[in-house]
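**Q** Turn these sequences into a full structure, and let the hints steer you where they fit.
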Amino acid sequence: MRFEQLHGQYRVGREGSDQGLFLRTNVRARARFSSVLLETEVLDARHVLGIADGGSPLSASTINPLDVLQANLQFNTGQFAKFGPGVLKLGRFTMDLGSGRFVTRNGTRNTINSYAGLEWSWGGAQGSQWRAFYTSPVQRRVDGLALDNRAKTDQVQAKARFWGLHNSSQTGALKTQWFWFGLKEQDAVNQPSANRNIDTLGVSLATTPGPGRWMAEVETAAQWGEVWRGSQGRQKHSAYFFHLTGGYQIDSTRNTLWALHYDYVTGDVTGDDNPADQRSQGFDSLFGGRRGDFGPTGIFGPFTRTNLNTPGLSLTTSPSPRWQLKAMARGYWLASQSGGLPAAGITSNQASSRYIGSQASLRLRWRPSAPWLLDATAAYLAAGDVLEHVGKGDARYAYLALTYQF
Numbered sequence: 002m003r004f005e006q007l008h009g010q011y012r013v014g015r016e017g018s019d020q021g022l023f024l025r026t027n028v029r030a031r032a033r034f035s036s037v038l039l040e041t042e043v044l045d046a047r048h049v050l051g052i053a054d055g056g057s058p059l060s061a062s063t064i065n066p067l068d069v070l071q072a073n074l075q076f077n078t079g080q081f082a083k084f085g086p087g088v089l090k091l092g093r094f095t096m097d098l099g100s101g102r103f104v105t106r107n108g109t110r111n112t113i114n115s116y117a118g119l120e121w122s123w124g125g126a127q128g129s130q131w132r133a134f135y136t137s138p139v140q141r142r143v144d145g146l147a148l149d150n151r152a153k154t155d156q157v158q159a160k161a162r163f164w165g166l167h168n169s170s171q172t173g174a175l176k177t178q179w180f181w182f183g184l185k186e187q188d189a190v191n192q193p194s195a196n197r198n199i200d201t202l203g204v205s206l207a208t209t210p211g212p213g214r215w216m217a218e219v220e221t222a223a224q225w226g227e228v229w230r231g232s233q234g235r236q237k238h239s240a241y242f243f244h245l246t247g248g249y250q251i252d253s254t255r256n257t258l259w260a261l262h263y264d265y266v267t268g269d270v271t272g273d274d275n276p277a278d279q280r281s282q283g284f285d286s287l288f289g290g291r292r293g294d295f296g297p298t299g300i301f302g303p304f305t306r307t308n309l310n311t312p313g314l315s316l317t318t319s320p321s322p323r324w325q326l327k328a329m330a331r332g333y334w335l336a337s338q339s340g341g342l343p344a345a346g347i348t349s350n351q352a353s354s355r356y357i358g359s360q361a362s363l364r365l366r367w368r369p370s371a372p373w374l375l376d377a378t379a380a381y382l383a384a385g386d387v388l389e390h391v392g393k394g395d396a397r398y399a400y401l402a403l404t405y406q407f
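Okay, so the sequence shown: first residue is 2 according to our numbering, each after it adds one.
Take the hints with a grain of salt, since some may be wrong.
As the list claims (entries may be wrong) - Capping the alpha-carbon separation at 30 Å, the derived lysine-lysine pairs in DSSO-like fashion look like this: (1) Lys176 / Lys327; (2) Lys153 / Lys185; (3) Lys237 / Lys185; (4) Lys237 / Lys160; (5) Lys185 / Lys160.
Hints in this document: simulated from the structure, not taken from any laboratory.
**A** Written out as structure tokens, the structure reads:
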């Protein structure tokens with residue numbers, strides 16, 4: 002259960018403050034029959050007590066009343082040809098791959114992405130791990146307005162295919178990952194889509210932090226294909242993403258880690274700056290999460306992984322095994338001067354500069370006992386030229402969440 006409060010609405014077309022009390026209930030069951038594992042999970046994600054109102058930014062991304070999140074069979078494939086022991090999964094399932102920037106099982110967001118199809122994971126040479134999948138994303142649905150909390154059966158997207166290959170390996174303190182994801186989708190009956198046909202190829206290198214040691218993470222990805230842009234028709238698409246983190250862990254008792262961060266994500270060029278070929282350059286993070294890099298989401302979440310140029314600084318520490326604190330501050334600029342800020346509803350920047358603003362966030366987590374977790378977060382967004390140009394000022398956000406696992 003999580004209570005959220007937002008003062009100062011940064012979204013174009015919305016004013017005032019927003020709030021909501023959200024409840025997410027997951028019930029998962031597993032049963033093994035010889036070498037076959039049956040897994041089912043039901044999710045109920047809703048707002049309660051009527052605290053949210055008609056002006057709150059609710060959608061199927063925050064509300065997904067009672068539905069099946071997972072229902073799959075898992076087969077132990079054993080030794081197959083030159084591949085190591087593996088597991089084949091068939092049915093509906095969730096996925097969490099690598100850094101989670103492109104495919105994740107959502108943690109902060111009230112709803113969770115799921116897929117229908119097959120996934121095969123197996124061990125390779127020298128301890129490497131492989132995962133391959135071919136799926137159709139599941140469309141979350143509500144009956145009527147999200148505010149009404151009325152359930153409507155989720156549907157597999159009939160004309161969407163999401164596939165990929167992911168590899169990870171560990172050599173000493175260095176972890177290497179590479180991935181290739183493909184997404185092809187078309188509109189179907191009662192299933193509008195963005196009509197994307199894109200490939201994403203990337204690599205990640207990361208060292209394991211430890212007491213008295215430096216750590217680093219580099220992840221980059223290139224993206225190409227075609228996208229549909231309404232009246233502009235189908236456009237060629239080419240974009241890229243770059244992430245860098247470097248830090249130092251001070252001690253072993255509190256696991257205190259200071260880190261510098263930098264992200265650059267390409268954005269669309271619009272208006273008079275758009276070249277004659279009308280090429281799409283806005284990076285698409287597919288089904289990834291953004292909490293770890295850009296702060297809290299929920300009814301806040303002003304930044305998505307597109308059209309950003311953002312450095313930052315963070316401190317993570319654990320005063321005791323039951324407590325964890327993370328503080329982060331970042332400055333945000335548009336990567337493309339004339340591009341937009343999608344989360345704020347800004348389709349084209351008309352300000353004279355690229356400066357969006359600065360955001361500071363603080364997160365405190367406390368686990369008083371094994372089944373309980375208390376999570377408190379606060380964030381402050383100081384508006385820059387891009388937001389001020391559309392009449393938006395500073396925004397303050399906070400939430401308090403309580404989780405019980407049984």
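**Q** Each of the hints needs a verdict: does it hold here or not?
**A** Here's how the hints hold up against the structure:
| no. | hint | in the structure |
| --- | --- | --- |
| 1 | Lys176 / Lys327 | holds (24 Å) |
| 2 | Lys153 / Lys185 | holds (25 Å) |
| 3 | Lys237 / Lys185 | holds (14 Å) |
| 4 | Lys237 / Lys160 | holds (20 Å) |
| 5 | Lys185 / Lys160 | holds (8 Å) |
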